[in-house]
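Participant: Next come the chains, spelled out residue by residue.
There are 2 protein chains.
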Amino acid sequence: MNKIQIIDAHKHVGEKVKIGAWIANKRSSGKIAFLNLRDGSAFFQGVVVKSEVEEEVFQTAKNVTQESSVWVVGTVQEDSRSKFGYEIHIETIEIIGDAVDYPITPKEHGTEFLMDNRHLWLRSSKQHAIMQVRNEIIRATYEFFNQEGFVKVDPPILTGSAAENTTELFHTEYFDRDAFLSQSGQLYMEAGAMALGKVFSFGPTFRAEKSKTRRHLIEFWMIEPEMAFMDQDDSLEVQEKYVAYLVQSVLDHCDHSLDVLERDKELLKQYTQLPYPRISYDEAVELLNKNDFSVTWGEDFGSPEETFIAEQYDKPVFILNYPKAIKPFYMKPHPTREDIVLCADMIAPEGYGEIIGGSQREDDYDALREQVEAFGLDTKEYEWYLDLRNYGSVPHSGFGLGLERVVTWLSGTEHIREAIPFPRLLNRIYP
Amino acid sequence: MNKIQIIDAHKHVGEKVKIGAWIANKRSSGKIAFLNLRDGSAFFQGVVVKSEVEEEVFQTAKNVTQESSVWVVGTVQEDSRSKFGYEIHIETIEIIGDAVDYPITPKEHGTEFLMDNRHLWLRSSKQHAIMQVRNEIIRATYEFFNQEGFVKVDPPILTGSAAENTTELFHTEYFDRDAFLSQSGQLYMEAGAMALGKVFSFGPTFRAEKSKTRRHLIEFWMIEPEMAFMDQDDSLEVQEKYVAYLVQSVLDHCDHSLDVLERDKELLKQYTQLPYPRISYDEAVELLNKNDFSVTWGEDFGSPEETFIAEQYDKPVFILNYPKAIKPFYMKPHPTREDIVLCADMIAPEGYGEIIGGSQREDDYDALREQVEAFGLDTKEYEWYLDLRNYGSVPHSGFGLGLERVVTWLSGTEHIREAIPFPRLLNRIYP
Ligand SMILES: [Mg+2]
Ligand SMILES: [Mg+2]
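From first to last, the protein sequence lines are chains D and G. Heads up: the first sequence is residues 5 to 435, going by my numbering. Heads up: the second sequence is residues 5 to 435, going by my numbering.
Careful, some of the hints might be misleading.
For identical chains, the list gives no copy identity; a pair is met inside one copy or between any two copies.
Within a straight-line C-alpha distance of at most 30 Å, the following computed BS3-like cross-link-like pairs (lysine-lysine) qualify [said to hold, decoys possible]:
(1) Lys319 to Lys20
(2) Lys66 to Lys30
(3) Lys7 to Lys111
(4) Lys216 to Lys20
(5) Lys319 to Lys384
(6) Lys273 to Lys20
(7) Lys384 to Lys130
(8) Lys384 to Lys111
(9) Lys319 to Lys30
(10) Lys319 to Lys269
(11) Lys216 to Lys384
Honestly, the hints are just simulated from the structure, not real lab data. These figures come from a predicted structure and were not determined experimentally.
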């Protein structure tokens with residue numbers, strides 16, 4: 005007899021199989037019990053008919069509690085009434101571990117309570133569906149960059165210096181010196197691109213930000229591609245192709261999860277159509293001020309401004325060429341405008357905010373050294389980075405995509421804390 | 005005219021193309037110059053014949069310095085004499101960024117010097133080849149676990165508690181409390197397995213270990229799969245299948261890199277043959293003591309012991325069921341022997357040491373709580389972990405594979421510091 009996972013039930017119709025599972029839910033009458041079984045791979049229904057099994061089996065099915073673990077043996081059958089399409093007619097059921105008073109019941113719970121029980125909350129169908137979408141986005145990311153000839157480079161997490169904002173850094177002692185947790189692997193990815201051409205990273209980054217918004221995590225995962233011999237226009241093409249690939253992959257492989265999440269698939273299909281629209285920062289300021297916003301040229305956009313801009317389009321939109329003064333030191337100035345840089349943010353539709361930030365990098369040694377100094381950074385810590393412009397500098401561009409932002413968007417989730425298995429938030433490091 | 009990468013040259017034979025590249029090396033006579041070009045994707049030869057180009061082009065080719073970056077235009081041709089199989093006959097060459105006195109020359113350099121210049125050292129052909137092997141191992145890891153129905157789960161890096169040894173933890177302040185950098189995501193992966201069935205992680209882990217061996221990094225990447233409803237025997241089967249898959253993938257996709265590294269491919273082929281041998285800890289002690297070692301039952305093996313055991317086999321070997329006293333608190337005791345646990349280490353051949361550690365996990369609530377207390381851990385921080393045994397506990401097993409150990413082994417590299425782009429070592433956090 006085969007031991008199978010629920011997800012593979014369709015391959016075993018008419019067969020007697022053994023499945024290890026938990027009781028997600030159940031209902032029963034005097035003659036029949038329906039067990040909603042989950043084994044992590046999927047959910048489906050187990051049916052126990054009183055007249056067809058030993059009395060003890062039926063009693064076990066009637067009395068088994070939510071989230072108890074069981075081995076069930078039975079025959080897989082097609083079940084056209086259910087979304088999943090299959091069910092199991094149970095012959096025997098054996099309790100492995102019981103669960104008394106499982107804390108998360110079908111009733112409503114408060115957010116703090118669910119977050120305290122995140123290790124259990126992950127078992128519920130909506131969280132399960134979000135994690136499937138996350139998994140697919142990760143899978144498709146590797147597939148995309150491998151197909152496009154990128155090499156995975158893992159930049160270090162512990163660094164002696166900071167790429168951007170030094171007030172939001174986690175500090176640690178590294179033997180006899182100070183070290184910080186990486187906020188971005190970009191500078192290292194640039195060295196990677198000079199050695200390996202087209203590279204991408206996928207790893208955790210950290211911002212000790214005292215903000216409590218539905219779009220921010222303290223610890224989050226970023227994908228940071230970097231490409232030698234490619235300018236900002238080349239990079240924009242890679243970015244939109246990549247994001248469209250993610251959307252299409254989720255549509256192709258997460259159909260059931262999208263149903264559970266009640267996500268509008270027609271809307272998602274729109275997001276696979278390229279190219280994505282582009283609007284310059286200058287144009288965006290003008291657009292906003294024509295529409296009752298009051299933005300001064302030189303300011304960054306906040307969430308309401310980004311949302312308004314996104315609402316003008318039915319796809320993600322690029323905002324191009326921001327003022328130099330509000331962007332990091334390493335961005336390359338526009339060739340004919342000293343006050344703006346060759347950069348773009350990609351803003352997701354439906355108010356999900358910025359999902360990508362990218363730019364062409366300053367490739368002139370003297371200009372970059374000036375920038376390092378102007379930003380008050382410790383030149384000594386950046387000597388290696390400056391070297392990249394000293395020994396065969398080339399035009400190069402890259403970008404960073406925030407994984408949880410994209411998971412939140414594609415799964416249609418309200419708050420980013422549900423887009424990662426164990427969120428780290430202000431005052432939240434448990435479980 | 006197409007702009008191409010060197011790796012794609014075979015698709016453009018006879019075509020005139022443009023390539024951005026660096027000068028890895030060159031030699032020239034009065035009539036011809038051979039430029040060893042690299043663009044990160046691969047290395048190949050550019051040929052400049054004095055009689056066929058403008059005088060200025062030939063002079064540029066003769067004078068261009070090592071690691072200067074260039075745009076070359078020319079025609080791709082087959083070149084049966086070279087390993088790569090293709091070369092480019094250059095018509096024009098344009099310097100993008102010159103490189104004066106590139107520090108890494110073809111002569112020998114000391115390790116500290118090369119490590120100080122790691123950002124440049126990565127450009128050299130051997131380091132390039134190791135990074136290609138690393139990339140392939142990562143690619144194949146995702147492919148394998150996706151094929152096998154595993155879901156990627158990213159455990160947190162910042163945690164309020166420690167899984168194992170608390171003296172080797174990096175500490176940081178997490179707003180108003182203490183936090184530590186993860187040494188292993190395993191405990192979280194167990195929660196993941198209870199929600200998603202079969203899960204795997206791929207992320208950085210940290211050990212503040214004051215050791216200086218050729219097998220240890222302070223920051224290293226681990227793959228940690230965890231499987232619900234699977235016992236230790238099931239887990240061993242997944243482990244050997246996974247490792248054989250990695251070896252085969254490297255053989256299939258890194259042929260040229262293995263040549264550069266002078267790695268014996270026949271030896272690697274042996275490692276794809278399953279099953280891998282298994283020897284118990286008890287038998288290993290006996291074997292060692294018969295061969296002039298002096299091991300007392302209950303001690304852990306050191307590197308010489310592991311190497312001796314590995315030398316008895318022509319494939320990786322599992323050492324099973326170590327003494328409970330030298331293993332972490334979460335391992336499940338052997339059903340008929342209280343003094344040993346259901347665990348295994350996989351030892352690589354050729355003296356490359358342990359590459360996997362794994363076990364079946366304690367699934368009994370009371371026994372686990374006792375262990376948490378016996379190890380002097382803060383029970384409060386482990387309540388969530390204990391919950392996994394309180395609400396539908398199931399047999400489950402998992403393991404951790406050290407990425408850089410496997411990269412070192414498969415690439416045949418002497419020291420693990422070359423198996424990661426930017427190694428963190430005792431007293432080394434730059435660049
Ligand atoms: Mg922005
Ligand atoms: Mg060991």
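Participant: Given a CA cutoff of 30 Å, do Lys66 and Lys30 count as a within-copy pair, a between-copy pair, both, or neither?
Facilitator: within (8 Å within a copy, 80 Å between copies)
Participant: Treating 30 Å as the Cα threshold, decide for Lys384 and Lys111: within, between, both or neither.
Facilitator: The answer is between: 27 Å across copies meets 30 Å, while 58 Å in one copy does not.
Participant: Have a look at Lys7 and Lys111 and pick one of within, between, both or neither, based on CA distance no larger than 30 Å.
Facilitator: For Lys7 and Lys111, the Cα distance exceeds 30 Å both inside one copy (33 Å) and across copies (60 Å).
Participant: Taking 30 Å as the upper bound on the Cα-Cα distance, should Lys384 and Lys130 be classified as within, between, both, or neither?
Facilitator: between (49 Å within a copy, 28 Å between copies)
Participant: Given a CA cutoff of 30 Å, do Lys273 and Lys20 count as a within-copy pair, a between-copy pair, both, or neither?
Facilitator: Result: close neither inside a copy nor across copies, 40 Å intra and 39 Å inter.
Participant: For Lys319 and Lys384, with the copy left unspecified, which applies at a CA distance of at most 30 Å: within, between, both, or neither?
Facilitator: neither (43 Å within a copy, 47 Å between copies)
Participant: Taking 30 Å as the upper bound on the Cα-Cα distance, should Lys216 and Lys384 be classified as within, between, both, or neither?
Facilitator: Between copies, since 26 Å is at most 30 Å while 35 Å is not.
Participant: Taking 30 Å as the upper bound on the Cα-Cα distance, should Lys216 and Lys20 be classified as within, between, both, or neither?
Facilitator: neither (51 Å within a copy, 56 Å between copies)
Participant: How would you classify Lys319 and Lys30 at a CA-CA limit of 30 Å: within, between, both, or neither?
Facilitator: Close neither inside one copy (42 Å) nor across copies (49 Å); limit 30 Å.
Participant: How do Lys319 and Lys20 come out at 30 Å by Cα distance, when the copy is not named: within, between, both, or neither?
Facilitator: For Lys319 and Lys20, neither the intra-copy (48 Å) nor the inter-copy (38 Å) Cα distance is at most 30 Å.
Participant: Pop the pair Lys319 and Lys269 into one bin, within, between, both or neither, using alpha-carbon distances up to 30 Å.
Facilitator: within (14 Å within a copy, 49 Å between copies)
Checked against the numbered hints above, the structure violates hints 1, 3, 4, 5, 6, 9; every other hint is satisfied.
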